[in-house]
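Based on the sequences and whatever the hints tell you, model everything.
Number of protein chains: 2
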Amino acid sequence: MREKKSKPLILITNDDGISAPGIRKLIRIMKDLGDVVVVAPDSPQSGKGHAITIDATLYVRKIQGMGDGVSEYECSGTPADCVKLGIKEVLKRKPDLCVSGINHGSNASINVIYSGTMSAAIEAGIEGVPSIGFSLLDYDWEANFEGLESYVKKIARNVLDNGLPDGIVLNVNFPKITDIPYNGMKIVRQARANWNEKFDKRTNPMGKEYYWLTGEFENLDGGEDTDEFVLAENYVSVVPVQFDLTAHHFLQTLKSWEL
Amino acid sequence: MREKKSKPLILITNDDGISAPGIRKLIRIMKDLGDVVVVAPDSPQSGKGHAITIDATLYVRKIQGMGDGVSEYECSGTPADCVKLGIKEVLKRKPDLCVSGINHGSNASINVIYSGTMSAAIEAGIEGVPSIGFSLLDYDWEANFEGLESYVKKIARNVLDNGLPDGIVLNVNFPKITDIPYNGMKIVRQARANWNEKFDKRTNPMGKEYYWLTGEFENLDGGEDTDEFVLAENYVSVVPVQFDLTAHHFLQTLKSWEL
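These protein sequence lines map, in sequence, to chains A and S.
If you use my numbering, the first sequence closes out at 278, no skipped numbers anywhere.
If you use my numbering, the second sequence closes out at 278, no skipped numbers anywhere.
By construction, these hints were calculated from the structure, which means they are not laboratory data.
Mixed in with the good hints there might be a few duds.
The list cannot tell twin chains apart, which means a pair is met if one copy fits it or any two copies do.
Heads up, simulated EDC-like pairs for lysine to aspartate or glutamate below, C-alpha to C-alpha not over 16 Å straight-line [to be verified]:
hint: 1; residue 1: Lys220; residue 2: Asp74
hint: 2; residue 1: Lys107; residue 2: Glu235
hint: 3; residue 1: Lys107; residue 2: Asp219
Listed below in structure tokens is the structure:
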């Protein structure tokens, strides 16, 4: 175990790419809490889910960094690849904490399933590293991140102090920042939601039809204890996320089937 | 609701690509149960997790098929894209069942997280379609699929008859086929496991270092009620999988933190 007095080692990654304003903000916040090493994708990886690169080569390159005075590596792979390479090849040991983000856009409710940000956090959790994904409900590249610093620090300090149980990571979402400060933070569950896809069908210059995936978000959950509900009320949402996907409550019913 | 007497509409996809022997086998099995439409990736998508294509174009092309006498479409996207496009653009309605696979390789235990096969099944579940992912513990392209037909049919018939609760899909894994018939089928939970990555570091002809991701599977779970355990005992494993990732059992503890 690391001695209490030594600075914790913190691995930072994201899915928007190493140059995204969200990860730069997270780096500057986390520098106050420990020794920071960044291993992040060299290009945007949004929507990559828990993809890993098994049929192609992976590059990792130490870069100059962007003036934040921390060690930085860019990687050709997915967010999950970054965590694997970060732990095994760059750090060569488990960090005390892994933080992913700050994502430009929501990872609340069903978005957690598609999220590269959360997949990086989950990958760290699988490897036994306490881990948090942070996301801001603002898809703008020039999003305003001023106002969430104290929440990020409080959550990260708590995880450094308390650890997290095996198999659990945290999914933290911040409402879009406005003139009105957040109302506080709420521990909630993932809302049942869905994207109602609309495919935008077009014809390319060669006459071939193609599609763009777009969609409308549908919150199917009437509960007031969900991430979607509290985010709409201007609270920061914290959902404990597990990667044991077993629907334990359905095991008994399934055993009664004639299989 | 569809009338009981009409044939069910079954959407088939996979992650190994539309020409993989595993999906061809699944098509031939499912033809006995209903009207089959195939929408599958035009190239292998293993390890793609729940990736979706949001920053690139998507192509879907009706193809001649491969002699199995069903409607077939190949798609340039991921397994999850195939399901979205299959429901919204190809079928233009929800099918009665979605089946994904048969994957060449295990999607038991932690593999479910990285699996394109299971992500397709989960995507269908998110859209409210009863759904099953099938995988064979044999990574060989020329894997032997003879011997699992009756299990696939029994499970699919049960899902068609009983439906599945909202938010739950099935993850079915088959032991590698040998001369010894399967011992039967067991309803189990996902084993706690991890891939202990080993990065194979090489130098390319231009002198630049790169990596291949490889690893050794570690079953960290001593339980006898897990997929890994029963698969090793030559049973077919069935795990009900949910996409509500909330660690409900940790909510109360987390609320006691000083957040």
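Results of checking the hints against the structure:
no. : hint              : result
1   : Lys220 <-> Asp74  : between (31 Å within a copy, 15 Å between copies)
2   : Lys107 <-> Glu235 : between (39 Å within a copy, 13 Å between copies)
3   : Lys107 <-> Asp219 : between (42 Å within a copy, 11 Å between copies)
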